[in-house]
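K.L.:
Sequence:
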Amino acid sequence: MQYLNLQEIDPSLAAIVNQISVNQSEIVITRNGTPLARIIPYKISRNRHYPLLGMPITIADDFDEPMPELWEALSE
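When the sequence shown is numbered by the numbering used here, its final residue is 75 and no position is left out of the sequence of numbers.
These are computed hints drawn from the structure, not numbers from a lab. Glycine included, C-beta positions come from ideal geometry on N, C-alpha and C. Be aware that a few hints might be false.
As the list claims (entries may be wrong) - Per label pair, the in silico range of CB-to-CB distance: (1) 51 with 18: 36 to 46 Å; (2) 39 with 11: 16 to 26 Å; (3) 12 with 49: 30 to 40 Å; (4) 72 with 6: 22 to 32 Å; (5) 6 with 44: 25 to 35 Å; (6) 44 with 67: 24 to 34 Å; (7) 26 with 62: 51 to 61 Å; (8) 24 with 56: 51 to 61 Å.
Using the sequences and the hints, build the whole thing.
P.N.:
Next up, the structure:
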């Protein structure tokens, strides 16, 4: 996918993009009556999924204690 800054494109296309953004409509680009492309407004998904939300969290009592096995493995 290619991204273009609105300031880098033709002014007439910039006006069309602004119209699409304001009206939340789409435009179909055709050649000899055959559809070639469709310009649609970009929609930001507001549906965020947090699969771990609400699940209980438990932390071991010795969470911050050194791990001797780890140090032994690292020293080898």
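K.L.:
Taking the hints in turn, state whether each one holds.
P.N.:
Outcome of the hint check:
no. : hint                   : result
1   : 51 with 18: 36 to 46 Å : 42 Å, holds
2   : 39 with 11: 16 to 26 Å : 18 Å, holds
3   : 12 with 49: 30 to 40 Å : 39 Å, holds
4   : 72 with 6: 22 to 32 Å  : 55 Å, violated
5   : 6 with 44: 25 to 35 Å  : 26 Å, holds
6   : 44 with 67: 24 to 34 Å : 46 Å, violated
7   : 26 with 62: 51 to 61 Å : 57 Å, holds
8   : 24 with 56: 51 to 61 Å : 46 Å, violated
Comparing the model with each numbered hint stated earlier shows that hints 4, 6 and 8 do not hold.
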